[in-house]
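> The lines below spell out each chain.
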Amino acid sequence: MKFSYDTLIDAAPGSIDLGEWLFGMTDEEYVACSPVTARWE
Amino acid sequence: MFSRHRAMGINGGSARVGVVNVESVGGVMMIQHYRPEVVRPDHVKLVSDSSQAYLLHVFPARIRVLWEMQTFATANGTTGFRGSVEVTMPLWVRLLAALNCGSYFLKRHVIGETAGFAANIAAKIKQARSAETRRPTAAA
Chain A
33 MKFSYDTLID
43 AAPGSIDLGE
53 WLFGMTDEEY
63 VACSPVTARW
73 E
Chain B
127 MFSRHRAMGI
137 NGGSARVGVV
147 NVESVGGVMM
157 IQHYRPEVVR
167 PDHVKLVSDS
177 SQAYLLHVFP
187 ARIRVLWEMQ
197 TFATANGTTG
207 FRGSVEVTMP
217 LWVRLLAALN
227 CGSYFLKRHV
237 IGETAGFAAN
247 IAAKIKQARS
257 AETRRPTAAA
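Chains A and B are the protein sequences, given in the same order. Per our numbering, the very first residue in the first sequence carries number 33; after that it's consecutive. Per our numbering, the very first residue in the second sequence carries number 127; after that it's consecutive.
In short, the hints are calculated from the structure, not lab data. Even for Gly, the Cβ is constructed at its ideal location relative to N, Cα and C. Treat the hints with caution; some may be incorrect.
To be verified - Simulated crosslink set (DSSO-like; lysine-lysine; CA at most 27 Å straight-line):
| hint | chain 1 | residue 1 | chain 2 | residue 2 |
| --- | --- | --- | --- | --- |
| 1 | B | 171 | B | 250 |
| 2 | A | 34 | B | 252 |
| 3 | B | 171 | A | 34 |
To be verified - Derived CB-CB ranges, DEER-like:
| hint | chain 1 | residue 1 | chain 2 | residue 2 | range |
| --- | --- | --- | --- | --- | --- |
| 4 | B | 230 | A | 39 | 29 to 37 Å |
| 5 | A | 46 | B | 224 | 38 to 46 Å |
| 6 | B | 253 | A | 40 | 13 to 21 Å |
| 7 | A | 64 | B | 218 | 31 to 39 Å |
| 8 | B | 182 | A | 59 | 22 to 30 Å |
| 9 | B | 241 | A | 58 | 15 to 23 Å |
| 10 | A | 42 | B | 161 | 26 to 34 Å |
| 11 | B | 180 | A | 42 | 35 to 43 Å |
| 12 | B | 221 | A | 44 | 29 to 37 Å |
| 13 | A | 39 | B | 135 | 20 to 28 Å |
Claimed, not checked - Now the stretches of chain A that chain B is said to cover, found in silico as 3 or more residues with beta-carbon under 8 Å:
| hint | segment |
| --- | --- |
| 14 | 35-49 |
| 15 | 53-67 |
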């Protein structure tokens, strides 16, 4: 089962370092990037 | 509706040994133990060979998860951002996931988190630009 989704970031191509970003992300930031705030759980 | 990021931790600090994250997708609680396969400025690929999933938050199962993000140049000079998740699971888990609309919830989760990650990256770029403009210039 595989899904992909494309979106845009307003930044010049080549200006983003995904490795730096991902490994610099905090727990709070990751939680804030939640798809939906669950109410059922 | 029942998807949520719950926690994340980086293993190994600057050595980038791995990422542990905990999330719910469609009522399935998952604990991923990712190790990086590719870490480049335009591409990260992480694999969790033995993620622990709890179906309905109760029944345990082992699944494999591949999480990938990529950036690419677009025709209008901005940056495209692609998030992908691939889940491999045993037959009995696939059957239960099908009954629980698992593919629908996973798709919604990928769309939602990719948009969230893109917003986080954009906010950090804006913050960096703002800090850059506030930085005092050296006197000549």
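> Hint by hint, say whether it matches the structure.
Outcome of the hint check:
Distance restraint check for residue 171 of chain B and residue 250 of chain B: the Cα-Cα separation of roughly 21 Å lies within the 27 Å cut-off, and the hinted pair is therefore satisfied. Simply put, residue 34 of chain A and residue 252 of chain B have alpha-carbon atoms about 32 Å apart, too far for the 27 Å limit, and the pair is violated. Restraint check for residue 171 of chain B and residue 34 of chain A: satisfied, since their Cα atoms lie roughly 14 Å apart, inside the 27 Å limit. For residue 230 of chain B and residue 39 of chain A, the hinted distance range of 29 to 37 Å is not satisfied, since their beta carbons lie about 20 Å from each other.
About 41 Å separates the C-beta atoms of residue 46 of chain A and residue 224 of chain B, a value consistent with the hinted range of 38 to 46 Å. Between residue 253 of chain B and residue 40 of chain A the C-beta distance comes to about 19 Å, which sits within the given range of 13 to 21 Å. Range check, residue 64 of chain A to residue 218 of chain B: Cβ separation about 35 Å, and the 31 to 39 Å hint holds. A beta carbon spacing of about 25 Å between residue 182 of chain B and residue 59 of chain A agrees with the range 22 to 30 Å that was offered as a hint.
One distance hint, 15 to 23 Å for the beta-carbon pair residue 241 of chain B and residue 58 of chain A, holds here, with the actual separation near 19 Å. A beta carbon spacing of about 32 Å between residue 42 of chain A and residue 161 of chain B agrees with the range 26 to 34 Å that was offered as a hint. The hinted window of 35 to 43 Å between residue 180 of chain B and residue 42 of chain A holds, with their beta carbons roughly 38 Å apart. The beta-carbon spacing between residue 221 of chain B and residue 44 of chain A, approximately 47 Å, falls outside the hinted interval of 29 to 37 Å.
A hinted range of 20 to 28 Å holds for the C-beta pair residue 39 of chain A and residue 135 of chain B, which are about 26 Å apart. Residue count for the segment 35-49 of chain A with a Cβ under 8 Å from a Cβ of chain B: 15. That meets the three needed, and the coverage hint holds. With 13 residues bearing a CB less than 8 Å from a CB of chain B, the segment 53-67 of chain A meets the requirement of three and the coverage assertion stands.
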